[in-house]
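Undergrad: With these hints in hand, go ahead and build the complete structure from the sequences.
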Amino acid sequence: MNIHFMIDTFFVALSGVPVTLFVTAVALLIAIPAGFLLALSRVNEIPVIRQITMVYVSFVRGTPIIVQIFITYASVPLILTALFEKYGIQANIYDIHPIWYAFIVFSFSTTAILSEVFRSSLGTVDRGQLEAAQSVGLTSFQAFRRILIPQALVSALPNLATATVNLIKATSLGYAMSLQEITLKAKVAANAGYHYIEAYIDIFLVYLILCSLVEFAFKWYERRASRYKVHHA
Amino acid sequence: MLEITGLRKSFGPLEILKGVDLEIGKGDVVVILGPSGSGKTTLLRCINFLERADEGNAQIGGLQVDLRSASKKEVHSVRQKTAFVFQNYNLFNNKTAIENVAEGLITGRKIPKKKAWETARKALDKVGLSDKHDAFPSRLSGGQQQRVGIARAVALNPEIILFDEPTSALDPELVGEVLGVMRQIAAEGTTMLVVTHEMQFARDVANKVIFMDGGVVVESGTPDEIFGRPKEERTKQFLRRVLPEEYNYSI
Amino acid sequence: MLEITGLRKSFGPLEILKGVDLEIGKGDVVVILGPSGSGKTTLLRCINFLERADEGNAQIGGLQVDLRSASKKEVHSVRQKTAFVFQNYNLFNNKTAIENVAEGLITGRKIPKKKAWETARKALDKVGLSDKHDAFPSRLSGGQQQRVGIARAVALNPEIILFDEPTSALDPELVGEVLGVMRQIAAEGTTMLVVTHEMQFARDVANKVIFMDGGVVVESGTPDEIFGRPKEERTKQFLRRVLPEEYNYSI
Amino acid sequence: MEKYFDASYIWSSIPALLPFFKVTFLVAGLSVLFGTLTGLLLSSMKLGRNRAAKAFAEGYTTIMRCTPSIVLLFLVYYGVPFLAGQFGLYLHDLHTAVFVVITFTLQFAAIMSEVIRSAYLSVGRGQFEAAVSVGLTPGQAYRRIIFPQAVVVALPNFANGLLALLQEGALAYTIGLIDIVGKANLIVAANYNAHALEVFIALALIYWVLSIMIEQFFGLLERLFNKGKRSIKTV
Amino acid sequence: ADGDHEVRKVKIAYDQQSKPMSWLDENGEATGYDVEVMKLVDELLPDYEFEFVGTTSDDLLIGVEQGKFQAGVKNAFWTEERTKKFIYPNEFLGLSSAGLVLRKEDENIKSLEDFASAGYSLAPIAANNAQYTVIEEYNTANPENPVKLEAGDSFTVDVVQWVNEGRVDGGVMIEGPFEKQVTAKDGPYHQLKDEVVYNEFAVIKTWPLFNKNEQELADAYDEAITKLAEEKKREELSEKFYGRNLFDALEEVGR
Ligand SMILES: Nc1ncnc2c1ncn2[C@@H]1O[C@H](COP(=O)(O)OP(=O)(O)OP(=O)(O)O)[C@@H](O)[C@H]1O
Ligand SMILES: Nc1ncnc2c1ncn2[C@@H]1O[C@H](COP(=O)(O)OP(=O)(O)OP(=O)(O)O)[C@@H](O)[C@H]1O
Ligand SMILES: [Mg+2]
Ligand SMILES: [Mg+2]
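Which chain is which? The protein sequence lines are E, P, C, U and D, in order. Position 25, counted from 1, in the first sequence is what this note's numbering calls 86; the numbers after and before it change by one each time, with no gaps. Position 5, counted from 1, in the second sequence is what this note's numbering calls 11; the numbers after and before it change by one each time, with no gaps. Position 180, counted from 1, in the third sequence is what this note's numbering calls 186; the numbers after and before it change by one each time, with no gaps. Position 52, counted from 1, in the fourth sequence is what this note's numbering calls 53; the numbers after and before it change by one each time, with no gaps. Position 178, counted from 1, in the fifth sequence is what this note's numbering calls 486; the numbers after and before it change by one each time, with no gaps.
Take these hints with a grain of salt, some might be off.
[To be verified] EDC-like cross-link-like pairs, simulated, lysine to aspartate or glutamate; straight-line CA separation at most 16 Å:
#: 1; chain 1: C; residue 1: K237; chain 2: C; residue 2: D219
#: 2; chain 1: P; residue 1: K242; chain 2: P; residue 2: E225
#: 3; chain 1: D; residue 1: K319; chain 2: D; residue 2: D350
#: 4; chain 1: C; residue 1: K24; chain 2: C; residue 2: D219
#: 5; chain 1: P; residue 1: K132; chain 2: P; residue 2: E183
#: 6; chain 1: P; residue 1: K237; chain 2: P; residue 2: E225
#: 7; chain 1: D; residue 1: K317; chain 2: D; residue 2: E357
#: 8; chain 1: C; residue 1: K78; chain 2: U; residue 2: E130
#: 9; chain 1: D; residue 1: K319; chain 2: U; residue 2: D94
#: 10; chain 1: D; residue 1: K319; chain 2: D; residue 2: E337
#: 11; chain 1: D; residue 1: K456; chain 2: D; residue 2: E444
#: 12; chain 1: D; residue 1: K456; chain 2: E; residue 2: D156
#: 13; chain 1: P; residue 1: K101; chain 2: E; residue 2: D187
#: 14; chain 1: D; residue 1: K412; chain 2: D; residue 2: E508
#: 15; chain 1: D; residue 1: K317; chain 2: U; residue 2: D94
#: 16; chain 1: P; residue 1: K101; chain 2: P; residue 2: D140
#: 17; chain 1: E; residue 1: K280; chain 2: U; residue 2: E115
#: 18; chain 1: P; residue 1: K78; chain 2: E; residue 2: E192
#: 19; chain 1: C; residue 1: K32; chain 2: C; residue 2: E165
#: 20; chain 1: D; residue 1: K513; chain 2: D; residue 2: E399
#: 21; chain 1: E; residue 1: K280; chain 2: U; residue 2: E59
#: 22; chain 1: E; residue 1: K290; chain 2: P; residue 2: D140
#: 23; chain 1: P; residue 1: K242; chain 2: P; residue 2: D230
[Claimed, not checked] Between beta-carbon pairs, the in silico distance windows are:
#: 24; chain 1: C; residue 1: D131; chain 2: P; residue 2: K79; range: 52 to 58 Å
#: 25; chain 1: P; residue 1: R246; chain 2: C; residue 2: D137; range: 22 to 28 Å
#: 26; chain 1: U; residue 1: A53; chain 2: C; residue 2: E9; range: 39 to 45 Å
#: 27; chain 1: U; residue 1: A53; chain 2: D; residue 2: P454; range: 53 to 59 Å
#: 28; chain 1: E; residue 1: L274; chain 2: D; residue 2: E544; range: 56 to 62 Å
[Stated by the list, open to error] Derived list of chain C stretches under chain U, where covered just means 3 residues or more per stretch with a C-beta under 8 Å from a C-beta of chain U:
#: 29; stretch: 82-88
#: 30; stretch: 96-107
#: 31; stretch: 110-119
Derived from the structure by calculation, the hints contain no laboratory data. Just so it is clear, CB atoms sit at the ideal spot from N, CA and C, and this is done for glycine as well.
TA: Structure (C-alpha cells):
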C-alpha cells in the first residue's frame, strides 16, 4: 500500500466532487418538477399520459443504469446526426461535452424514481387538507403550493434523500462517458503505477463523506420541515 | 341569503340526496338534525362544491349558481362567500393557529399581510385562544383545534358559515366550550347552517330546525315546533331515541 | 375479584397515577369518571400490563402480582383472566369480524377451532351482528366495530372486562346501541370496569362509581351517592360541567 | 445510422444472453434471502431498547447506503479472504459468486432494515395491544397480527429493492462473474467492440420485460395481502 | 514431472474482454495471444500447473497485487513505477502494435506528433488500458505538443465507428482488432475498409505481471520463454492472432 499516493489521490478524487454535484444538482432540478408532474398524472389518472408514465417508469427502474448510459451515449449522436442530415441542420453534435449525456441519463432515471416517491407521498396527505384550503377560498394551485406540497414533502424527504444518495453514487458510472468525476479521476491517477487498491479506498472515502453529508443535511431539513408534527412514543 | 332548490346527489348507484329544498334568511341560525347516513354532510359539501351535485340550484348572497355545472369562477366566488367548519377540524397541519386563520385572508382574499394578521389575532382571541397563536395544530387539544377551525371561518367574515358536527369529536367538557363560542357568534348576527346532535344548542340558539332522513327534508320548523310538536312519525321516533329521557320530561 | 393497591405511574418527569387503590367484587359493574388527562386510561392499561407501573400490587381472580415486576408468565396469566375493549376499537385489520373474535380463543386459549368459531358466532349474534360475521373491520361502521370489540372481549369469558370509553367515538344513535349491549352483559353477571362519560349508563347500570382527578381517586360510592350527594368540591364542579342542566333538575 | 446499426444483432444476442439469466437470478435470489433475514435482525436492533445495538444498526445502514456498490464489491472480494487469512482460513478459491452474494446481502440488508422498520411502525401499536389483551403471547401477536399487516406496507418497497438489486448485480462482472451483463460484455468483446449498442439494447429489453413481470407479480401479491384494508385514492 | 515433486497450482488471471490478446471464447475457454503463450509456458514447467481465471482489468491488477492471482496477463506495458507493485520478468511476453485509426483523407498522419499538431480529437481510452499509458508518456515527453487525451471506458467506445461517424478525428487501436474488424472479409466493419486507415506508430513489448512474492515463478517463466523464443513459437502465435508477425519489427521496438 502506498500511503503517499493515497493521500495525493484523495485530493485528485476530491477534485471530481464539483462535477458529481453539478450533475446531481441538474438532474434533481429537472427531475423534481418533472417527477412531480408525472406523479400528479398518475394520481389523477389522466388516461394516455398515465400509461406512458408507467411504461417509462418500468423501463428506467428495470434496466441497469450502466446500460441506459451506454444506450444514450451510443445512440443519441446517431439519431441526432440522422435528424440533422434529414433537415439540413448545420451543427456538429460531436462537440457536445459528455456532461450533457450525463444530464440526460440521470435526469431521466431520477425523474422516474421521484415520480414514484411523490406519488406515495401525495397519498399521505389527507384529502381534508385540500378541502379546507378550498373552503377558505384558495384555488387548487394555491392549495397545492401552500398546504399540500409542504406536507407531502415531509413524508417524501427520507425517500428523496435515498434517491439523492443513490444518484450521487450512480454518477460514478459517468466514467463510461468520460465524465471527469470522482471515480474516473481516481482511476486515471491510479493507472501510472497501477495503484488500484489505493484508488478504490480513496473513492470509498470520498463517497462516504459526500453521501453522509447529504444524508445529514436531509435529516436536518426533515426535522425542520416536520416541526409541526408531534412524535409519539 | 341562501336558497337551495331541487338538490340531488348520487354516489354510484346510491342516491343520497333526493331533491332537497332549503331557505335561510340573513342572520338565521338553522340546525339540521337527522340520523347517521341521512345525507347531512353531503348536503353541506354540495353547497360548498366539495362534492358536485347531480342537479340543483343555489342562490347564495345574491349569486345564482347551478350546483351541477357551475364554472370554476362561480365555484370560487361561492367559496369566497361561505366558510366551512369541518367535523374533524381539518386544520392545516403545517401552519400555526394564527397562520391557519390568516391563510385564507392573505392567499384567498388578497388582504395585506399586516391587516390579515390583525384580523386573525382578533378572531383567535374571540374564541378564547389568545395564548395559543403560535401553536401547531398537533399541540392543541381537540376543543382548541375546533375553536381554531371556527376562528378560521369567522375571520373570513363570510355571508354564511357551514358547520358539520362541530362538537361530535369532543369530550363533554370541550363540547360546552365550543358551543359557547358558537352561541356568541350567533348573537353577533352571523348566518349559520349547523349540522349537530346537540339538542340543547338547537333548542337554545336555532331559529329554525330541519329534520332530514333518507336524503330528503322530512320536516322543518321552529325548535318548539320540532321538539314540542313533531308532526311526522319518523321525527318523533328519532327524537325519542336521541333525547335523554329527562329531557323529554322537562318539555 | 380485582384489588389494586398503591398504583403509581410516571411518564418521564410527569407523575400520572399517584397511588391508586381500587376494589371490585365479583359481578360488580364499576364506572370510572374523571376529566380528560386524569389518568383513567393509564389505570386500565397498567392493570392489563399494556403499561408497566412504577409501583403497585394487584390481586386478580386469586392471582397476586406485582404490577411493576411481574414475570412474563404472570403477565400472560393476568391477560388470560382479563379482556380489554379499546376506545378506538383496535380490531385486527387483517381479520374478519368472526376471525377477530375467534383469534384469542384459538391462538390464546388453545380452544379447538370448531368450538372457537361456535363461541365467536354466538358472541357476535349477541351484540346484534349476525349478518356481519365475514366483514372486514374497514367495512363496518363505528358502532359495529365497537360491538365486535365487545364481542371479542365477551367471547373470552374472562373474569373481568376493562372498557375504555367504549362510546366516545360514536354518534348518539350508536351510543344507545353499544350501551344496550353492555347493559345486557352486565345483567349476565360479568364483572366490568368501565371508563365512560355516559352518566346515564353510570347511573342505571353501575353499582359503584369512582371519580378520579389528577392521578388519584377523589371519591367513590354508589351512583346515588356520587351523583346525588357528592362530598368533594372537585366532584361537584365536574358534574356541574358535564351533566345537562335538565339532568340536574331531575335529581 | 443504418451504416452502424444492425437490428439483427439484437435478435441474435437475446438467445445467447438468456441462459446466463440463471446466474443473475441465483445471485439475486440468494442475496434477497440472506439480506432479508439480516435486515430483519438489523431492524429489530433499531427498534429495540439496546442503545449500542441501535447505534450499530444505524451506523451500518448509513455506511452501506453511502458506499458505491462497486467499491463494496471490491472491499468484500479482497477484504473477506484477507480477514479470513488472519485466522488461517484460505478463501481465495471460493467461487466469485460467493463474494457477489455476500456483497449484495450486506447492501440489501441495509435497505431491508429500513423497509421493515417503517412497515412495522406503520402497523399501529394498538394492534399489538389488542392481540396481547386477548391472551396471545407477544410472539404470537407478531406472527399472527403484526406480520401479515406489515407485509402489505413493505411489499412495494421490497419490490423497489429487488429491482435495484437486479440492476446493481450488473456490476458483478467487474470481478469476473459472468452473469447476463458479463455475457453481454463478452459478446461485445468477441465482436472486437463493434455493434455493442445492439447487444446492450437486447440486454435492456430482457431486463425491461423482467421488471415488468416483477412489478405485475408484486401488484398481484399486494392485492392478495390487501384484504381488509381500505385503499384510499390519492388527492 | 518427477514423482517426488509436488506440482504447484498457480492462478493466472487474464482480461476476458480483450480479444485478440486475451478473451473468453464462445466455448468458455480462455484464449488469445497472451493466454496461448502462457499455456505453452505451462507445458514447459512441470512443477507448475496454470489455472486461467478470466476477469476484468481492474480486478486483475488488484488481484495480482494482493496475491489472489499469482500472475496476470492483460497486454500490460512496462513502466518504472509499476515495478514497485509487481515483478516484471526479464523476458517479455509479446509485442503489441499500436496505431492510429484515421479517416482515409488523414492517411498522411503517421505519428502522434502529426496527430497532435493537427489539433485532432482522440477517442477516449480506458484509464487502465496500456494504450492510455503510451499516449500519456508521449504527452509527458512532448509537453509543447500534446495529444488531447481523454479517459473513458473501452466498452462504450467503438473506435472505428466513432472515427467514421466523425465523432472523433482518430483513435488508438491495436493492429489485431483492426484487422479483424475492417480488413477481414467477414469483419463487422468490412464495408468501411475504404473509409478508414490504420497507421502504426509504435510496436511495444507486453509483459506478464507477477505478484511480488512470486520471484521463483517469474524466474521459471523466464526460463520457459527463452526456450519458446528459440523455437519461434511466439512468432507463430503472433501470426495467428494478429495476422502479422510483429517480431519482424523487433529491431525498432524502443521499449
Ligand atoms: N364518497 C362517497 N362514496 C360513496 N358513498 C358515500 C360517499 N360519501 C358519503 N356516502 C354515503 O352517503 C350517505 C350519506 O352520507 P353523509 O356523510 O352525508 O351522512 P350524514 O348524514 O352526514 O351522516 P353522519 O351523521 O353519520 O355524519 C351514507 O350512506 C354514506 O355511506
Ligand atoms: N405514553 C405517554 N407518554 C407521556 N405522557 C402520557 C403518555 N400516555 C399518557 N400520558 C399523559 O398522561 C396523562 C393521563 O393520560 P390518560 O390517557 O390516562 O388520561 P385519561 O384520564 O384517560 O384522559 P381522557 O379522558 O382524555 O382519555 C395525560 O396528561 C397524558 O398526556
Ligand atoms: Mg356527517
Ligand atoms: Mg383515556
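Undergrad: A separate judgement is required for each hint: does it hold in the structure or not?
TA: Against the structure, the hints come out as follows:
| no. | hint | in the structure |
| --- | --- | --- |
| 1 | C:K237 / C:D219 | holds, 14 Å |
| 2 | P:K242 / P:E225 | holds, 11 Å |
| 3 | D:K319 / D:D350 | holds, 11 Å |
| 4 | C:K24 / C:D219 | holds, 10 Å |
| 5 | P:K132 / P:E183 | holds, 12 Å |
| 6 | P:K237 / P:E225 | holds, 8 Å |
| 7 | D:K317 / D:E357 | holds, 5 Å |
| 8 | C:K78 / U:E130 | holds, 15 Å |
| 9 | D:K319 / U:D94 | holds, 10 Å |
| 10 | D:K319 / D:E337 | holds, 15 Å |
| 11 | D:K456 / D:E444 | holds, 10 Å |
| 12 | D:K456 / E:D156 | holds, 14 Å |
| 13 | P:K101 / E:D187 | holds, 15 Å |
| 14 | D:K412 / D:E508 | holds, 14 Å |
| 15 | D:K317 / U:D94 | holds, 11 Å |
| 16 | P:K101 / P:D140 | holds, 9 Å |
| 17 | E:K280 / U:E115 | holds, 15 Å |
| 18 | P:K78 / E:E192 | holds, 15 Å |
| 19 | C:K32 / C:E165 | holds, 8 Å |
| 20 | D:K513 / D:E399 | holds, 10 Å |
| 21 | E:K280 / U:E59 | holds, 13 Å |
| 22 | E:K290 / P:D140 | holds, 14 Å |
| 23 | P:K242 / P:D230 | holds, 13 Å |
| 24 | C:D131 / P:K79: 52 to 58 Å | holds, 56 Å |
| 25 | P:R246 / C:D137: 22 to 28 Å | holds, 25 Å |
| 26 | U:A53 / C:E9: 39 to 45 Å | holds, 41 Å |
| 27 | U:A53 / D:P454: 53 to 59 Å | holds, 56 Å |
| 28 | E:L274 / D:E544: 56 to 62 Å | holds, 58 Å |
| 29 | 82-88 | holds (count 4) |
| 30 | 96-107 | holds (count 7) |
| 31 | 110-119 | holds (count 4) |
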